[in-house]
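Chain order of the listed sequences is A and B.
For the first sequence, the numbering used here begins at 2 and goes up steadily by one.
For the second sequence, the numbering used here begins at 2 and goes up steadily by one.
There's no promise every hint is true.
Said to hold, decoys possible - Cβ pair distances, simulated, as ranges:
1. P347(B) - N149(A): 39 to 49 Å
2. A234(B) - G206(A): 49 to 59 Å
3. A234(B) - E349(A): 33 to 43 Å
4. E357(A) - L444(B): 40 to 50 Å
5. E136(B) - L345(A): 18 to 28 Å
6. E136(B) - H61(A): 18 to 28 Å
7. A234(B) - A372(A): 28 to 38 Å
8. S24(B) - G206(A): 56 to 66 Å
9. R312(B) - R88(A): 43 to 53 Å
10. L345(A) - L444(B): 23 to 33 Å
Claimed, not checked - Now the stretches of chain B that chain A is said to cover, found in silico as 3 or more residues with beta-carbon under 8 Å:
11. 159-172
12. 282-296
13. 382-393
No lab work stands behind these hints: they were computed from the structure.
Quick caveat, the model's predicted, so the values are computed rather than measured.
Here a beta-carbon is modelled for each residue, glycine too, at the ideal position from N, C-alpha and C.
Protein chains: 2
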Amino acid sequence: MAVVGAGLAGLTAARELQAAGRSVVVLDARDRAGGRVLSEPGPDGAVFELGAQFVGPGQHRIAALARSLGVDTFPTHSAGLNVFEYRGALHRFRGLAPRVSPAALLDTARAQAKLERMARRVPIEAPWEARRAEEWDGQTFGTWVEQNTSTAGARTFFALAAQAVFSVEPEELSLLHVLFYAHSAGGLATLLDTERGAQEEHFDGGAALVPALLAESLGERVVLEAPVRRVGAAEGGVTVSADGLEVRAVRVVVAVPPALCERIAFDPSLPGRRAQLHQRMAHGAVAKCVALYPEPFWRDEGLTGQAASDRGPVGATFDVSPRSGRPGMLLGFVEGRHARGMELLPSEERRRLALESFARLFGERALRPEAYAERFWAEEEWSRGCYGGFFGPGGWTAYGPALREPVGRVHWAGTETSPVWMGYMDGAVRSGERAAREVLRALG
Amino acid sequence: MAVVGAGLAGLTAARELQAAGRSVVVLDARDRAGGRVLSEPGPDGAVFELGAQFVGPGQHRIAALARSLGVDTFPTHSAGLNVFEYRGALHRFRGLAPRVSPAALLDTARAQAKLERMARRVPIEAPWEARRAEEWDGQTFGTWVEQNTSTAGARTFFALAAQAVFSVEPEELSLLHVLFYAHSAGGLATLLDTERGAQEEHFDGGAALVPALLAESLGERVVLEAPVRRVGAAEGGVTVSADGLEVRAVRVVVAVPPALCERIAFDPSLPGRRAQLHQRMAHGAVAKCVALYPEPFWRDEGLTGQAASDRGPVGATFDVSPRSGRPGMLLGFVEGRHARGMELLPSEERRRLALESFARLFGERALRPEAYAERFWAEEEWSRGCYGGFFGPGGWTAYGPALREPVGRVHWAGTETSPVWMGYMDGAVRSGERAAREVLRALG
Numbered sequence: 002m003a004v005v006g007a008g009l010a011g012l013t014a015a016r017e018l019q020a021a022g023r024s025v026v027v028l029d030a031r032d033r034a035g036g037r038v039l040s041e042p043g044p045d046g047a048v049f050e051l052g053a054q055f056v057g058p059g060q061h062r063i064a065a066l067a068r069s070l071g072v073d074t075f076p077t078h079s080a081g082l083n084v085f086e087y088r089g090a091l092h093r094f095r096g097l098a099p100r101v102s103p104a105a106l107l108d109t110a111r112a113q114a115k116l117e118r119m120a121r122r123v124p125i126e127a128p129w130e131a132r133r134a135e136e137w138d139g140q141t142f143g144t145w146v147e148q149n150t151s152t153a154g155a156r157t158f159f160a161l162a163a164q165a166v167f168s169v170e171p172e173e174l175s176l177l178h179v180l181f182y183a184h185s186a187g188g189l190a191t192l193l194d195t196e197r198g199a200q201e202e203h204f205d206g207g208a209a210l211v212p213a214l215l216a217e218s219l220g221e222r223v224v225l226e227a228p229v230r231r232v233g234a235a236e237g238g239v240t241v242s243a244d245g246l247e248v249r250a251v252r253v254v255v256a257v258p259p260a261l262c263e264r265i266a267f268d269p270s271l272p273g274r275r276a277q278l279h280q281r282m283a284h285g286a287v288a289k290c291v292a293l294y295p296e297p298f299w300r301d302e303g304l305t306g307q308a309a310s311d312r313g314p315v316g317a318t319f320d321v322s323p324r325s326g327r328p329g330m331l332l333g334f335v336e337g338r339h340a341r342g343m344e345l346l347p348s349e350e351r352r353r354l355a356l357e358s359f360a361r362l363f364g365e366r367a368l369r370p371e372a373y374a375e376r377f378w379a380e381e382e383w384s385r386g387c388y389g390g391f392f393g394p395g396g397w398t399a400y401g402p403a404l405r406e407p408v409g410r411v412h413w414a415g416t417e418t419s420p421v422w423m424g425y426m427d428g429a430v431r432s433g434e435r436a437a438r439e440v441l442r443a444l445g
Numbered sequence: 002m003a004v005v006g007a008g009l010a011g012l013t014a015a016r017e018l019q020a021a022g023r024s025v026v027v028l029d030a031r032d033r034a035g036g037r038v039l040s041e042p043g044p045d046g047a048v049f050e051l052g053a054q055f056v057g058p059g060q061h062r063i064a065a066l067a068r069s070l071g072v073d074t075f076p077t078h079s080a081g082l083n084v085f086e087y088r089g090a091l092h093r094f095r096g097l098a099p100r101v102s103p104a105a106l107l108d109t110a111r112a113q114a115k116l117e118r119m120a121r122r123v124p125i126e127a128p129w130e131a132r133r134a135e136e137w138d139g140q141t142f143g144t145w146v147e148q149n150t151s152t153a154g155a156r157t158f159f160a161l162a163a164q165a166v167f168s169v170e171p172e173e174l175s176l177l178h179v180l181f182y183a184h185s186a187g188g189l190a191t192l193l194d195t196e197r198g199a200q201e202e203h204f205d206g207g208a209a210l211v212p213a214l215l216a217e218s219l220g221e222r223v224v225l226e227a228p229v230r231r232v233g234a235a236e237g238g239v240t241v242s243a244d245g246l247e248v249r250a251v252r253v254v255v256a257v258p259p260a261l262c263e264r265i266a267f268d269p270s271l272p273g274r275r276a277q278l279h280q281r282m283a284h285g286a287v288a289k290c291v292a293l294y295p296e297p298f299w300r301d302e303g304l305t306g307q308a309a310s311d312r313g314p315v316g317a318t319f320d321v322s323p324r325s326g327r328p329g330m331l332l333g334f335v336e337g338r339h340a341r342g343m344e345l346l347p348s349e350e351r352r353r354l355a356l357e358s359f360a361r362l363f364g365e366r367a368l369r370p371e372a373y374a375e376r377f378w379a380e381e382e383w384s385r386g387c388y389g390g391f392f393g394p395g396g397w398t399a400y401g402p403a404l405r406e407p408v409g410r411v412h413w414a415g416t417e418t419s420p421v422w423m424g425y426m427d428g429a430v431r432s433g434e435r436a437a438r439e440v441l442r443a444l445g
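All chains should be built: construct the whole structure from the sequences, respecting the hints.
If you want it as structure tokens, here you go:
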């Protein structure tokens, strides 16, 4: 069996196939396993988490996988007050929605409750079958917010939420995609929350331990620096051609996001519906900027380290210090239009802008970190954006059915194909498990 | 100089570069030149036009090019009444908008006039600089129509117009893209009209004569069946690698649509903004179905052969008989959701559905053509949809500036890059001329 992509989806599929007694080879273009999960070593044993990092409630499959590999999680620091930079002023608050004004709070709560109700009506296995699928897929999330809120505060909240969850602007998203995604994760609040939400915990030693250990367990079956260029039908199977390597297999699991599938030449060529799907799941634009300080000085002021800003370029922050609380590490997300503006600048300028954002939110000490690291994911040749693929208007209803449907001996995995926790590490693991089941069932 | 893509854009660029005394090589993946322009021989010298076909007023560059090659045009047959199938009934009418009801007519006219006014405010060289760019790019065309019309008739009209002009549904399109596109062509009416519009004339002998003769004039400089896989920087130039062939050049013009650029490995890798642009210009879904009869029998009944239908799968028809009027040839466009449904069916079934559409519009004789040909463009490996790339919401404002901006020694051509008549043959020719000027200027 061949697997294209050594991210969590591909590695999980490979592990399941191997556990079922099948011989398997995983090919990846990069010089490392892990795909969009990336931890880099910092000074004194610190770890910079530059890719997928957080896990939360209901993410049972990534949790089980990490446990099986002996990787622990610990809670994201959340004691204290959050900070909200809004229209040039700083607000400190508890919980999810800052109380910038009672009217805005009510407006936001009302719209959010409506979204949650609508989201529950979207069947996660087949969003295109929602009763109002065409109506919801026919408008942008931006249009919906415009029509269903009346305060600037609420509009800012949903714009920041879209950036934080999808790393794009509200107008790029299909409303149906937002509703599906919320349902897929168990609710919009779950997506946004730290405690009891998708940012609840992170991994001791770095999320990348999970794919690294998984890859290690597969040993030589994982071949790196082998970008796959072609998947061709061969008698009774497929031939998978990578730079300097050709693999014959009975079936293949392609575990890369749809947009990147376009780089593989399929022979015979794919059905039009599948090929056009590849054109319709663009990736978000996002950077993670992480600064390392002797200690998490914001905690002394009673702050969680969590902040949101309507000014940017850093739109959201988290305290990502290790379990011990030393050193102090601050993570800033630069998302959507902010990422697109900033990625063009020289690296010194980018660093300065990120640190200035931190300093506005947490004070001058933020300007002088001991170390700093960042990753602009649109610049990554083998990701071309994060967190992942999303559908603009019309995408789900016209192309959704092609997302998981196998084509001959080609099966599709990757977090974008998961009905549960799409876009998250958990969705990736689930998709790998599902693809492996699909393959094993097909082999009888 | 190297050119990737032997469509009208690439061939034009090559011709201009050669005329300026530069040595040039054009590489194309297909076994023919012409890209999305495709004429196939039918019985007794008839020609099936299965790709781009029509030309209209203001399309000066394709007109000049055709003239220079000795290819003539003649008017699309337009004498008589048009047919409109609406809610199960047939209406015969003159002009663009069927008079299904006075209210719908007024509603349509009012909304169209508003669109035309807005379109004129979009700078075609830089749509993202329109004063209301963010607002217009933040919503789908579907949302705008919903909010700016009050009759089912008007909504049907604009849905059919979106399908006819873009081969997608109104909800897939950014309003800003529709406005830009209309302005780019000189107005929405120009896009839709036959007489005095984009469908005014077609080519004697087939549109594909133009790229074929152009390719012939370039002789051995055009290399077919050479899909380009890599464009790499080399000292003082670039190396363009195709299957079985490598070309060294000072600069390269990449004349394929953005979505297909994703298949070329660029080294060094492209800036994130450009790479993410490739994810954001999906192609429409469209088929052309052409039936050939002993004579154009609809003319005897006083019909133009032009029809629109809200039922489909054929959404629009044209009389595409040769200048002599014998044989009779009827063209049906299957667009957007209709194309996506139909392309999955076996070919006999597709033919039956197309002919049944013709028969409902023009009578039973349409069921028995002497010959029939079709092309579903999403199925074409080297086009993956037609008429071309479009922007969904958010695309122009975030990624528009990357559309023509050269990256090092790489220049971009193709109809998608043309401010004038984007999406048309004329835009392709203009883009080739512009790219050649760009290259020559860079060389000093």
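Right, here's what the structure says about each hint:
Range check, P347(B) to N149(A): about 45 Å between beta-carbon atoms, so the 39 to 49 Å window is met. Evaluation of the 49 to 59 Å hint for A234(B) and G206(A) yields a failure: the beta carbon distance comes to about 39 Å. One distance hint, 33 to 43 Å for the beta-carbon pair A234(B) and E349(A), is violated here, with the actual separation near 24 Å. Between E357(A) and L444(B) the beta carbon distance is about 42 Å. The supplied range of 40 to 50 Å therefore holds.
Separated by about 25 Å at the C-beta atoms, E136(B) and L345(A) satisfy the suggested range of 18 to 28 Å. Distance hint check for E136(B) and H61(A): the Cβ-Cβ separation is about 43 Å, which falls outside the suggested range of 18 to 28 Å. Distance hint check: the CB atoms of A234(B) and A372(A) are about 32 Å apart, consistent with the given range 28 to 38 Å. The hint said 56 to 66 Å for the Cβ distance between S24(B) and G206(A), and at roughly 57 Å that hint holds.
For R312(B) and R88(A), the hinted distance range of 43 to 53 Å is satisfied, since their beta carbons lie about 52 Å from each other. At roughly 26 Å, the beta-carbon separation of L345(A) and L444(B) lies within the given 23 to 33 Å, and the hint holds. Note: the stretch 159-172 of chain B has 4 residues with beta-carbon separation from chain A under 8 Å; the three-residue rule is met and the coverage holds. Counting residues of the stretch 282-296 of chain B whose CB lies closer than 8 Å to any CB of chain A gives 4, which reaches the minimum of 3, so the coverage claim holds.
Coverage of the stretch 382-393 of chain B by chain A holds in this model, with 4 residues showing a Cβ closer than 8 Å to a Cβ of that chain against a need of three.
In summary, the structure is inconsistent with hints 2, 3, 6 from the numbered list given earlier, while agreeing with the others.
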